[in-house]
Amino acid sequence: VKGERIYLNARILASILHIPHTGLYVFEHKKWPELEGFHPNQILSILYPNDPNVYPNMALTTNRLSVDHRLLHHLIVHQILPTGGGYAKLSRMQVFLMWCILSKIEFCFPLLMLKTMVRAFSQKKSVLPFGSILTKVFQHFHIRLEGEVATKLKKEDTYNKSTLNQMGW
Numbered sequence: 001v002k003g004e005r006i007y008l009n010a011r012i013l014a015s016i017l018h019i020p021h022t023g024l025y026v027f028e029h030k031k032w033p034e035l036e037g038f039h040p041n042q043i044l045s046i047l048y049p050n051d052p053n054v055y056p057n058m059a060l061t062t063n064r065l066s067v068d069h070r071l072l073h074h075l076i077v078h079q080i081l082p083t084g085g086g087y088a089k090l091s092r093m094q095v096f097l098m099w100c101i102l103s104k105i106e107f108c109f110p111l112l113m114l115k116t117m118v119r120a121f122s123q124k125k126s127v128l129p130f131g132s133i134l135t136k137v138f139q140h141f142h143i144r145l146e147g148e149v150a151t152k153l154k155k156e157d158t159y160n161k162s163t164l165n166q167m168g169w
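Under my numbering, the sequence shown has 43 at position 43, and the numbering climbs by one with no breaks.
Each hint should be verified, as a subset may be incorrect.
Derived DEER-like restraints, expressed as beta-carbon distance ranges [what the hints assert, rightly or not]: (1) H140 with L75: 24 to 34 Å; (2) R11 with E34: 15 to 25 Å; (3) Q42 with K152: 38 to 48 Å; (4) G37 with A59: 23 to 33 Å; (5) P56 with A150: 39 to 49 Å; (6) L75 with W32: 17 to 27 Å; (7) N41 with I143: 19 to 29 Å; (8) G86 with T163: 12 to 22 Å; (9) Q139 with H39: 38 to 48 Å; (10) Y25 with L134: 16 to 26 Å; (11) A59 with F141: 22 to 32 Å; (12) I143 with Q42: 17 to 27 Å; (13) S122 with S66: 30 to 40 Å.
Calculated lysine to aspartate or glutamate pairs in the EDC-like style (CA-CA distance at most 16 Å, straight line) [stated by the list, open to error]: (14) K2 with E106; (15) K161 with E28; (16) K115 with E28.
Because the hints were derived from the structure by calculation, they are not lab data.
Just so you know, even glycine gets a beta-carbon here, dropped at the ideal spot from N, CA and C.
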């Protein structure tokens, strides 16, 4: 970064952010995570309780989720596992994270952040996620940020009563 070499792994990131470095070490993008106790059919029956014809190999959509599950998905795609583009479909990793949260199963968030950034960097069209977190990382490693343009948090990037009403909650 700016001519400086930094080494960053999930443990170091957790230390910088003062967050736990514990929980499941899982990151899959295209396929279902393979983990003892996780069965895609189980979470699909929770997310789509009125649709017995939903199967793990189907394209999963958000329009048939309950309002609570849509809110959880919204939090995942904007805060936990940010992705650019459309939000009408659920990825297998998003569904897995919904299962973790609903089941109160801890996952290693620093690992998830790093894997998400690496994946974004390797794609042709992508925005690098976690900008504010990267700022903290650069400050930790004494990377000079002069000349960089700060971006203020937009009103629509916060959750409030109005936001929740727009989502039907």
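Hint check:
no., hint, in the structure
1, H140 with L75: 24 to 34 Å, "holds, 26 Å"
2, R11 with E34: 15 to 25 Å, "holds, 24 Å"
3, Q42 with K152: 38 to 48 Å, "holds, 42 Å"
4, G37 with A59: 23 to 33 Å, "holds, 25 Å"
5, P56 with A150: 39 to 49 Å, "holds, 43 Å"
6, L75 with W32: 17 to 27 Å, "holds, 21 Å"
7, N41 with I143: 19 to 29 Å, "violated, 46 Å"
8, G86 with T163: 12 to 22 Å, "holds, 19 Å"
9, Q139 with H39: 38 to 48 Å, "holds, 42 Å"
10, Y25 with L134: 16 to 26 Å, "holds, 22 Å"
11, A59 with F141: 22 to 32 Å, "violated, 41 Å"
12, I143 with Q42: 17 to 27 Å, "violated, 44 Å"
13, S122 with S66: 30 to 40 Å, "holds, 34 Å"
14, K2 with E106, "violated, 35 Å"
15, K161 with E28, "violated, 33 Å"
16, K115 with E28, "holds, 9 Å"
Violation of the numbered hints given earlier is confined to hints 7, 11, 12, 14, 15; the remaining hints are satisfied by the structure.
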